[in-house]
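Trainee: These are the residues of each chain, in order.
There are 4 protein chains.
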Amino acid sequence: MTDKPIRVTVWNEFIHERTCESTRMIYPDGIHAVLSAAIREQLGAAVEVRTATLDQPENGLTAEILARTDVLAWWGHAAHDQVSDAVVERVHQRVLEGMGFLALHSTHASKIFRRMMATSCMLRWREAAEKERVWIVDPSHPIVDGLEGEFFELPQVEMYGEFFDIPRPDELITISWFEGGEVFRSGCTFRRGKGKIFYFSPGHEAFPLYYDANVRKIIANAVRWAAPRGSSYVGDGRNIEPSLSPIAAKHVVDESLHAHLKK
Amino acid sequence: MTDKPIRVTVWNEFIHERTCESTRMIYPDGIHAVLSAAIREQLGAAVEVRTATLDQPENGLTAEILARTDVLAWWGHAAHDQVSDAVVERVHQRVLEGMGFLALHSTHASKIFRRMMATSCMLRWREAAEKERVWIVDPSHPIVDGLEGEFFELPQVEMYGEFFDIPRPDELITISWFEGGEVFRSGCTFRRGKGKIFYFSPGHEAFPLYYDANVRKIIANAVRWAAPRGSSYVGDGRNIEPSLSPIAAKHVVDESLHAHLKK
Amino acid sequence: MTDKPIRVTVWNEFIHERTCESTRMIYPDGIHAVLSAAIREQLGAAVEVRTATLDQPENGLTAEILARTDVLAWWGHAAHDQVSDAVVERVHQRVLEGMGFLALHSTHASKIFRRMMATSCMLRWREAAEKERVWIVDPSHPIVDGLEGEFFELPQVEMYGEFFDIPRPDELITISWFEGGEVFRSGCTFRRGKGKIFYFSPGHEAFPLYYDANVRKIIANAVRWAAPRGSSYVGDGRNIEPSLSPIAAKHVVDESLHAHLKK
Amino acid sequence: MTDKPIRVTVWNEFIHERTCESTRMIYPDGIHAVLSAAIREQLGAAVEVRTATLDQPENGLTAEILARTDVLAWWGHAAHDQVSDAVVERVHQRVLEGMGFLALHSTHASKIFRRMMATSCMLRWREAAEKERVWIVDPSHPIVDGLEGEFFELPQVEMYGEFFDIPRPDELITISWFEGGEVFRSGCTFRRGKGKIFYFSPGHEAFPLYYDANVRKIIANAVRWAAPRGSSYVGDGRNIEPSLSPIAAKHVVDESLHAHLKK
Numbered sequence: 035m036t037d038k039p040i041r042v043t044v045w046n047e048f049i050h051e052r053t054c055e056s057t058r059m060i061y062p063d064g065i066h067a068v069l070s071a072a073i074r075e076q077l078g079a080a081v082e083v084r085t086a087t088l089d090q091p092e093n094g095l096t097a098e099i100l101a102r103t104d105v106l107a108w109w110g111h112a113a114h115d116q117v118s119d120a121v122v123e124r125v126h127q128r129v130l131e132g133m134g135f136l137a138l139h140s141t142h143a144s145k146i147f148r149r150m151m152a153t154s155c156m157l158r159w160r161e162a163a164e165k166e167r168v169w170i171v172d173p174s175h176p177i178v179d180g181l182e183g184e185f186f187e188l189p190q191v192e193m194y195g196e197f198f199d200i201p202r203p204d205e206l207i208t209i210s211w212f213e214g215g216e217v218f219r220s221g222c223t224f225r226r227g228k229g230k231i232f233y234f235s236p237g238h239e240a241f242p243l244y245y246d247a248n249v250r251k252i253i254a255n256a257v258r259w260a261a262p263r264g265s266s267y268v269g270d271g272r273n274i275e276p277s278l279s280p281i282a283a284k285h286v287v288d289e290s291l292h293a294h295l296k297k
Numbered sequence: 035m036t037d038k039p040i041r042v043t044v045w046n047e048f049i050h051e052r053t054c055e056s057t058r059m060i061y062p063d064g065i066h067a068v069l070s071a072a073i074r075e076q077l078g079a080a081v082e083v084r085t086a087t088l089d090q091p092e093n094g095l096t097a098e099i100l101a102r103t104d105v106l107a108w109w110g111h112a113a114h115d116q117v118s119d120a121v122v123e124r125v126h127q128r129v130l131e132g133m134g135f136l137a138l139h140s141t142h143a144s145k146i147f148r149r150m151m152a153t154s155c156m157l158r159w160r161e162a163a164e165k166e167r168v169w170i171v172d173p174s175h176p177i178v179d180g181l182e183g184e185f186f187e188l189p190q191v192e193m194y195g196e197f198f199d200i201p202r203p204d205e206l207i208t209i210s211w212f213e214g215g216e217v218f219r220s221g222c223t224f225r226r227g228k229g230k231i232f233y234f235s236p237g238h239e240a241f242p243l244y245y246d247a248n249v250r251k252i253i254a255n256a257v258r259w260a261a262p263r264g265s266s267y268v269g270d271g272r273n274i275e276p277s278l279s280p281i282a283a284k285h286v287v288d289e290s291l292h293a294h295l296k297k
Numbered sequence: 035m036t037d038k039p040i041r042v043t044v045w046n047e048f049i050h051e052r053t054c055e056s057t058r059m060i061y062p063d064g065i066h067a068v069l070s071a072a073i074r075e076q077l078g079a080a081v082e083v084r085t086a087t088l089d090q091p092e093n094g095l096t097a098e099i100l101a102r103t104d105v106l107a108w109w110g111h112a113a114h115d116q117v118s119d120a121v122v123e124r125v126h127q128r129v130l131e132g133m134g135f136l137a138l139h140s141t142h143a144s145k146i147f148r149r150m151m152a153t154s155c156m157l158r159w160r161e162a163a164e165k166e167r168v169w170i171v172d173p174s175h176p177i178v179d180g181l182e183g184e185f186f187e188l189p190q191v192e193m194y195g196e197f198f199d200i201p202r203p204d205e206l207i208t209i210s211w212f213e214g215g216e217v218f219r220s221g222c223t224f225r226r227g228k229g230k231i232f233y234f235s236p237g238h239e240a241f242p243l244y245y246d247a248n249v250r251k252i253i254a255n256a257v258r259w260a261a262p263r264g265s266s267y268v269g270d271g272r273n274i275e276p277s278l279s280p281i282a283a284k285h286v287v288d289e290s291l292h293a294h295l296k297k
Numbered sequence: 035m036t037d038k039p040i041r042v043t044v045w046n047e048f049i050h051e052r053t054c055e056s057t058r059m060i061y062p063d064g065i066h067a068v069l070s071a072a073i074r075e076q077l078g079a080a081v082e083v084r085t086a087t088l089d090q091p092e093n094g095l096t097a098e099i100l101a102r103t104d105v106l107a108w109w110g111h112a113a114h115d116q117v118s119d120a121v122v123e124r125v126h127q128r129v130l131e132g133m134g135f136l137a138l139h140s141t142h143a144s145k146i147f148r149r150m151m152a153t154s155c156m157l158r159w160r161e162a163a164e165k166e167r168v169w170i171v172d173p174s175h176p177i178v179d180g181l182e183g184e185f186f187e188l189p190q191v192e193m194y195g196e197f198f199d200i201p202r203p204d205e206l207i208t209i210s211w212f213e214g215g216e217v218f219r220s221g222c223t224f225r226r227g228k229g230k231i232f233y234f235s236p237g238h239e240a241f242p243l244y245y246d247a248n249v250r251k252i253i254a255n256a257v258r259w260a261a262p263r264g265s266s267y268v269g270d271g272r273n274i275e276p277s278l279s280p281i282a283a284k285h286v287v288d289e290s291l292h293a294h295l296k297k
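Protein chains in written order, with the numbering used here: chain A, 35 to 297; chain G, 35 to 297; chain W, 35 to 297; chain H, 35 to 297.
Watch out, some of these pointers could steer you wrong.
To be verified - To be clear about the criterion: a stretch of chain W counts as covered by chain G if any three or more of its residues have a C-beta under 8 Å from a C-beta of chain G, and this derived list gives those stretches:
| # | stretch |
| --- | --- |
| 1 | 56 to 69 |
| 2 | 142 to 149 |
| 3 | 169 to 179 |
| 4 | 254 to 266 |
In case anyone wonders, no lab produced these hints; they're calculated from the structure.
Every value quoted in this text rests on a predicted model; they were computed, and no experiment measured them.
Note that beta-carbon positions come from the ideal geometry of N, C-alpha and C, so glycine has one too.
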């Protein structure tokens with residue numbers, strides 16, 4: 035565990051905030067600005083936060099920037115297809131090397147998340163400003179550190195409901211209840227290579243959910259949880275000759291094997 | 035659970051058997067022929083088995099054939115890159131729809147397996163004809179049904195060792211010990227969409243492992259385990275309006291939300 | 035996989051049906067009678083079903099009966115403490131040997147279930163005849179085989195809600211939504227020794243839920259899933275001398291170890 | 035995440051060190067002294083470490099001491115039965131409340147570990163001073179933070195081998211290879227209530243393994259990982275009236291239910 039600040043990049047497609055008046059009212063400087071502020075507010079000197087957006091060169095995610103990113107938080111919705119395949123490939127490789135990845139809300143349908151899940155990531159949805167109650171089902175997980183009680187409420191949200199077509203999560207941390215009748219695995223972890231991935235559904239361009247104290251705490255905790263850590267393995271996948279321990283001399287496909295074959 | 039036979043397609047790249055004398059001695063009609071015989075021998079009338087090979091049109095895996103396949107067993111090694119991307123896409127979609135997939139031995143490095151794992155799938159290896167001892171660590175799993183004892187031995191094998199760069203398996207069924215000093219998660223399950231995936235490492239073109247009684251039993255059990263089953267969900271990912279249960283009338287981004295925002 | 039019938043014992047404390055008029059109206063011959071009929075109806079000749087009740091000698095679960103039981107379904111609520119500790123111990127041992135165990139509804143608070151979970155198994159509850167919607171989140175699992183759609187509804191139930199203090203389930207199959215605002219991990223699997231355990235919450239003495247077609251199907255599927263299967267391991271926990279593979283001769287705590295110690 | 039030191043209690047039965055000359059040579063002040071030093075060495079001011087031993091009143095684990103313990107490390111071997119049942123009960127309750135628990139080596143057969151696993155916890159063993167190679171299979175886990183490479187070696191150990199009769203671990207972090215032919219799930223995590231449990235097998239009274247740099251690092255990392263964290267849930271298991279969200283008025287077991295029943 036290092037004492038160096040965790041280098042966070044908050045990526046946002048930054049489209050609704052420019053094209054939709056109601057979103058601009060909530061997120062005048064973009065969702066990325068509010069997410070960055072939330073992470074800084076919670077983690078202080080333990081983080082260095084930068085932002086990146088779709089309209090920047092290489093979608094704001096050059097090799098240099100990714101190389102200096104420990105945790106990448108991603109928010110996309112309206113323009114998943116505009117993210118270049120090269121950037122998707124690059125982000126994927128960095129996750130395998132150990133970069134943490136926070137997949138926020140509608141990022142479930144992004145190229146990068148669907149690629150890392152290798153499922154459709156489809157879900158059911160409804161935009162009816164209904165109530166969501168987020169139940170904590172893994173209360174000792176560091177991602178819910180400091181939250182109070184068994185659940186918290188979000189007064190008006192977009193509903194995301196099951197069946198959510200993802201691989202079995204490594205850890206299921208929260209399950210959401212929706213007024214209109216659905217449930218959702220709203221906080222889940224996955225690992226790919228040396229990288230840790232956290233999917234968290236609360237958050238939408240039409241509701242000010244990234245101002246909610248519990249949502250902010252969970253996202254900040256997830257940054258800390260997803261920061262690179264572990265053993266120094268780099269994944270060589272190589273031939274190991276000579277062997278670590280002695281092997282009795284044999285002839286490949288020897289007599290006994292042929293006897294075995296004849297049985 | 036249906037009484038109709040499970041329709042199995044055994045796919046083999048079928049290259050070593052034509053180009054390498056020692057492999058031809060062991061598998062004169064191809065690895066697929068021996069695998070097919072093993073599955074028929076174990077499961078009898080409960081299966082219908084066909085084969086497919088790389089050199090056939092569309093790599094032997096047309097949409098029609100896949101539509102009539104319940105479980106696809108795959109063996110590839112020397113020519114992963116020669117499988118067309120369209121076939122890889124098609125197989126992936128069929129797995130998501132519920133087709134079982136057995137990834138045998140060097141299939142770890144195939145396009146289709148790496149795509150469904152979304153990791154490098156790299157491992158360490160050595161071809162030194164050493165001993166492997168396969169330990170059963172999930173003794174109540176249907177895939178080891180009928181095996182006797184805590185382990186079984188394979189006298190001469192290619193070594194596949196950790197670190198094996200895969201997502202955390204849903205289930206870890208066997209761990210292999212190798213004479214030369216490595217361990218390997220040799221039998222693992224994963225789920226993608228409605229499809230069940232079993233990776234099983236024992237099996238190599240230079241050793242007659244697909245004649246081994248325990249290996250054959252495991253593969254046949256895995257066919258039965260991976261056969262499509264479950265609820266009739268087809269993954270619509272759609273808007274649910276009206277809601278299943280009543281929602282109190284609200285104005286989207288109403289006054290209380292703005293108050294919430296100001297906090 | 036054997037063709038012999040699965041021997042099922044349905045255990046019921048059989049108290050509410052004798053003391054409470056409204057329960058007697060629903061389950062005149064006891065919950066065990068309805069559960070037995072459901073299992074026979076679904077599985078026919080594939081099962082042999084017997085029943086046992088709390089008031090019988092040794093709570094109906096003698097060593098002889100348990101020895102001839104492949105899957106034990108358990109329903110208890112009002113008299114968990116009246117089950118003898120010797121019976122609890124005996125059932126636990128049989129599970130470790132491979133007997134399946136279905137923990138139905140209020141069995142969450144039984145001695146035997148709490149012992150096998152080693153947690154409080156506490157949950158929140160409410161008896162308000164509210165609606166429950168059971169969502170399937172593991173659609174390829176054999177326990178939901180044959181169910182249609184993403185969910186099914188139960189019109190009036192007792193609510194069981196999170197936080198449910200259980201170990202992380204091996205598999206989470208259903209999540210329930212409740213009209214009054216809670217969610218619940220209503221269908222979960224666990225393994226202990228060679229035994230498979232399924233907890234399923236829908237079912238209550240005051241509501242006729244064991245007549246519901248989906249509930250019956252799930253319970254019957256779970257009987258089939260929990261039936262003993264797997265490798266013949268019996269758990270010896272013994273000293274292995276001589277070793278399976280050769281060990282280079284060494285002196286215990288030899289010079290190099292002392293050098294190691296001094297470092 | 036608090037900045038207060040993690041309060042660690044290292045418990046040792048402290049018998050071999052007093053009765054066996056070869057153990058005294060390695061651990062003159064007891065295994066607990068060496069473990070305490072290792073934890074202090076790695077974590078410095080982040081921990082406060084005390085020790086407790088079997089021969090103390092209440093086995094050294096009074097309610098007061100446990101109340102001030104965040105993580106309890108446990109080493110027992112020869113005298114599991116001498117630990118009082120009241121102490122076992124007390125430790126179990128504290129784990130459910132959130133105290134971390136490190137189960138070291140032969141602690142697999144202790145009353146407290148077997149109670150929390152609810153399985154036999156049996157394994158195979160051999161004391162032949164053979165080599166162990168500990169392979170890291172979860173390289174991004176905080177418990178292996180800072181380790182270098184894919185594995186580390188221990189020159190002479192007691193062998194602990196599969197089948198290890200434990201529930202499916204929540205996380206499998208290391209798998210050990212043994213010269214004599216076995217494998218072992220040597221580093222595993224479990225959760226019970228709000229408490230985190232880490233089982234780690236390397237460590238024996240006859241070998242100086244607790245002086246090994248990698249073993250020490252893993253144990254210190256595990257202290258940090260197991261420290262209490264998470265949401266403030268305390269497990270009330272109570273009736274929730276009135277409901278959180280409105281429920282349509284109904285009569286319990288009403289007409290529609292009776293119709294349902296007749297179907």
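Trainee: For every hint, state whether the structure bears it out.
Mentor: Hints versus structure:
1. Remark: the stretch 56 to 69 of chain W is not confirmed as covered by chain G, as 0 of its residues place a Cβ nearer than 8 Å to a Cβ of that chain, below the required three.
2. Beta-carbon proximity to chain G at under 8 Å applies to 0 residues in the stretch 142 to 149 of chain W; the threshold of 3 is not reached and the given coverage is violated.
3. With a threshold of 8 Å between beta carbons, the proposed coverage of the stretch 169 to 179 of chain W by chain G holds, since 8 of its residues qualify and at least three are required.
4. Check on the stretch 254 to 266 of chain W: 6 of its residues sit with their Cβ under 8 Å from a Cβ of chain G, so the three-residue criterion for coverage holds.
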